[in-house]
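Given chain A's structure and the hints, the job is docking chain B onto it.
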Amino acid sequence: MNASEKLPESERETVIEVHDLEISYGTFVLMRDLNFHIRRGDIFIIMGGSGCGKSTLMKQMVGLKKPARGQVLYGDVSFWDAGTEVREQLKRRFGILFQSGALWSSLTLAENIALPLEQYTDLPPAQIREVASFKLALVGLGGFEDFYPSELSGGMKKRAGLARAMALDPDILFFDEPSAGLDPISARLLDDLIIELSESLSTTVIVVTHDLASIFAIGTNSVFLDPEAKTMTAAGDPKRILTESADPKVVSFLTRGTGRRTKE
Amino acid sequence: MSSSTYKEATFSFISPSTDALVLRLSGDWMANGRLPDAEEIRQALSQQIPAPRIIFDVVGLGAWDSGLLIFLAKVFDICRGNGISVDSSGLPPGVCRLLELASPEKQRSGVTREKSPPSFLVRVADATLDFGRGFKDMLAFVGDATLSVLRMLRGKPGFRRSDLILILQETGAQALPIVSLISLLVGMILAFVAAIQLRMFGVQIYVADVVGIAMVRVMGAIMTGIIMAGRTGAAFAAQLGMMQVNEEIDALEVLGVSPVDFLVLPRLLALMLMMPLLCIYSDLMGVVGGLIVGVGMLDLGVIEYYHETVNAVSLTYFWIGLFHSFVFGVLVALAGCLRGLQCERNASAVGFAATSAVVTGIVSIVVATAIITLLCQVLGI
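Chain order of the listed sequences is A and B.
The opening position of the first sequence corresponds to residue 1 in my numbering, with each subsequent residue numbered one higher.
The opening position of the second sequence corresponds to residue 1 in my numbering, with each subsequent residue numbered one higher.
Pulled out of the complex, with its shape left as it was, chain A reads as follows (with noise of 0.2 angstroms):
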C-alpha cells in the first residue's frame, strides 16, 4: 500500500481501463472511440475546452450515467456489465469531489464525513469523530467539525468536500474542477494535497480541469478531449504533450493560445 518509493510506470497495475467509450446526449454523439488506462499512482488528468464532456466522461467511471457504448473497466470487472452488488463494491472505492463541494446542507462538516463511515465501516461513534476531526484537519479544517457547509467560504467548502471524499480511504479519488473557484494560493495549496494523497497513500488521482498551472503542476498522464474531432487527441504526460505534440489544436489549448511552447 505505501509505494512511496515509486515504481516506473510500465510496472504499475492497471487500476482503470477505458475502453471503446463514447458519450452522447440522445442522438448527438460527442465523443467516441476513447480508449485510455489508468495505472495506480497516476494523476491522471482528462483536460479539453469547455463543453467538451470532460464531466461526463468522469460521470460516465464513477457510475452517475451509463455510457452509450463502450467500457469502463475496473481491474478485469466491467463496471457497467456488472451486477448492481459489484458495482456497489466498486463505488466504495472511490471517493470523488464534487465541483461546488456537495456538501450535504442539513448535516455539519463532521457528520458530512461521518456519513460514509457510518454507512459502511463498523467502527464505533466516538472513532468515527475522530476520523472525521483527522480528516479535516488534513485539509487544513481543524476545529471546523460543528460548522454547517452555509457558514463556510467557496475554498473551505471545496476542501471540506475533499475530506468527505478521503473518508474510506479510497484507492481512486476524482475531483471535478477542483481549482474551479479557488485562489492561486489556496488552488496550489489543493495541488499539493493531490500530489501528497498520490504519493504517500499511492491513491489513483482522475482531475478533471482546464486550469493549465494544475495541469502542469501534478498531471503524471492525461488524456485531451476535442470537441470538433469528436474523440481524444493526445494522450500520455502533459509536459510531454506539450513538448512533442503535433496538434495545433493541443498545443494552443496549452499555451493558453499563444501556441508558444516555451514556458516562462
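FYI, nobody ran anything at the bench for these hints, they're computed from the structure.
From a predicted model like this one, the values you see are computed outputs, not experimental measurements.
From the three backbone atoms N, C-alpha and C, an ideal C-beta is built for every residue, glycine too.
Some hints here could point you the wrong way.
Calculated Cβ distances over 12 angstroms to all of chain B for the following chain A residues [claimed, not checked]: (1) E11; (2) G49; (3) V62; (4) Q71; (5) E85; (6) F98; (7) A235; (8) L242; (9) E244; (10) A246; (11) P248; (12) V250.
Chain B regions said to be covered by chain A (calculated; three or more residues, Cβ under 8 angstroms) [to be verified]: (13) 31 to 44; (14) 69 to 76.
Here are some chain B residues the structure puts well away from chain A; computed CB gaps all over 10 angstroms [as the list claims (entries may be wrong)]: (15) S66; (16) D87; (17) L98; (18) L101; (19) V111; (20) P118; (21) N311; (22) T355.
Chain B in isolation, oriented as in the chain A frame:
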C-alpha cells in the same frame, strides 16, 4: 479489500535508555479496523521510564492508511502534553508529510463553536424578537407589493408578459382537475350531512338550499383557497427559494430590477385573477356534487333540484363568495412569495420555505374568512 487479510496492528513502548523512548509499530494499520484509543496509549506510556524524546521503530509495519495517521496524531498530542519531544525521522516519509499537513499549526487558530445551548430565557427572548422581526418583514413585504401594484397601474409593469401567461396557465387551467375532484366531493359530503337531518322532517328538497348556499357563499372559496395554498403557494415558495439559493434574486437586484416587480407581481396578479374564476368553477362542481346525492339517494328530480338551487342562491351570496376568493388569492400569493424570498441559502431552507408558505397561507385564509364573516354580520348581508 476485506479486513481479514490484514495482520493485527500492535504497538509497544520500549525504553532502551533514559534519553529516548521507542514506539514500535507492527502489523497493518488500517482505518477500518479497531484502533487503540487515547487512554490505552496514555496507560502504556505511563508504565515507561520518563524520557525527553520519543523515536519510532517501523521495521514490522505493514500496510497503512489514515488509521496509522490518526493513531500517530494522538501519540504526538499526548507526548506534547507530557513534555516529550517527538522525533519523527524514523517514520515513513509519506506519514511525516501527511501528519505535518494535519498538525495543529496548520489549522486556522481561534475557531471554536459554542456548544452549550442557550438558556430558556434567552430562547424565549430570541423567539419573541424573531416574531417581532417576522411581523415587521411581513408588513414591509405587503407594502412593497402594494407599491409594485401602484407602479403597474401607472403603466410600468416590471415583469415580462410571457411570465404572467405561464403563471396564469400553471395556477389556472392546470389546477382544474384537483379543484373539480375536491369540490365535487365536498358538495356530496355537504349533501349527505344535510340529508340525514332534513329527512327527519321530510324536507329533503332543502338539501339543494344547504349545498347551494354553503358552496357559493363560502365553501367554494375556502376549498379553492386551501387547494391553491397547498398547490401554488408551496410552488411559489420553492421556486423563489431556489432562485434565492442560486443567487438569481441578487442578480436581479444588481441589474436594478425589483424582485417584487419581476417575480411577485405576476404571481400576485395571476392568483388575483384565477382564484375567483376557480371559485366559480368550484361552486358549480359543488352544486353538481349535491345534485348527484339528491337525485341518486333522495329521489329528487333534476329540474326540481335546479329550481330549488336557483331560488335559494342569491346574487349577493355569489359576490360574497367571489370577494372571499379574491382575498384568498392575494393572501396565498403573498404568503408563497414572502416565504420564498425569505429563504436561506441551503437545501433544507427551501423545504422549510414551502412548508411555511402553506401554513401561512392556510392560517391567513381561515383568519380572513372569520373577519369577512364578521363584517357581513355587522353589515347584515
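To see whether the hints hold, each was checked on the structure:
Once the 12 angstroms rule is applied to beta carbons, E11(A) is consistent with being away from chain B; the minimum gap is 19 angstroms. Even its closest Cβ contact with chain B, about 25 angstroms, leaves G49(A) beyond 12 angstroms, as expected for a residue assigned away from the interface. For V62(A), the condition that its CB be more than 12 angstroms from all CB atoms of chain B holds, with the nearest at approximately 17 angstroms. Every Cβ of chain B is farther than 12 angstroms from the Cβ of Q71(A); the closest lies at roughly 22 angstroms, confirming the non-interface assignment.
Consistency note on E85(A): stated as away from chain B, and its beta-carbon is indeed over 12 angstroms from all of that chain's, at 14 angstroms minimum. Look at F98(A): its CB is around 14 angstroms from the nearest CB on chain B, clear of 12 angstroms, so calling it non-interface holds up. A cut-off of 12 angstroms between C-beta atoms confirms that A235(A) is not in contact with chain B; the least separation is 28 angstroms. At roughly 28 angstroms from the closest C-beta of chain B, the C-beta of L242(A) stays outside 12 angstroms, upholding its exclusion from the interface.
The Cβ of E244(A) lies farther than 12 angstroms from every Cβ of chain B, with a closest approach of about 32 angstroms, so its non-interface assignment holds. With a least CB separation of 38 angstroms from chain B, A246(A) remains clear of the 12 angstroms interface cut-off, as annotated. With 12 angstroms as the threshold on Cβ separation, the claim that P248(A) sits away from chain B holds: the shortest Cβ distance comes to roughly 38 angstroms. V250(A), annotated as away from the interface, keeps every beta carbon of chain B farther than 12 angstroms; the closest lies near 34 angstroms.
Note: the stretch 31 to 44 of chain B has 5 residues with beta-carbon separation from chain A under 8 angstroms; the three-residue rule is met and the coverage holds. For the stretch 69 to 76 of chain B, the proposed coverage by chain A is satisfied: 4 residues have a C-beta within less than 8 angstroms of a C-beta in that chain, meeting the threshold of three. Not every beta carbon of chain A lies more than 10 angstroms from that of S66(B), the smallest distance being close to 5 angstroms; the non-interface claim is violated. With a minimum CB-CB distance of about 19 angstroms to chain A, D87(B) clears the 10 angstroms threshold, and the non-interface call stands.
In this structure L98(B) is not separated from chain A by more than 10 angstroms, as the shortest Cβ-Cβ distance comes to only about 5 angstroms. Against chain A, the non-interface label of L101(B) is violated: not every CB pair exceeds 10 angstroms, the least being about 6 angstroms. Not every Cβ of chain A is farther than 10 angstroms from the Cβ of V111(B); the closest lies at roughly 4 angstroms, contradicting the non-interface assignment. Distance check on P118(B): its Cβ is at least 15 angstroms (rounded) from any Cβ of chain A, clearing the 10 angstroms threshold; non-interface status holds.
Distance to chain A confirms N311(B) as a non-interface residue, since its nearest Cβ pair spans about 58 angstroms, more than 10 angstroms. Every CB of chain A lies more than 10 angstroms from the CB of T355(B), the least distance being 14 angstroms, so the non-interface label holds.
The structure shown violates the earlier hints numbered 15, 17, 18 and 19.
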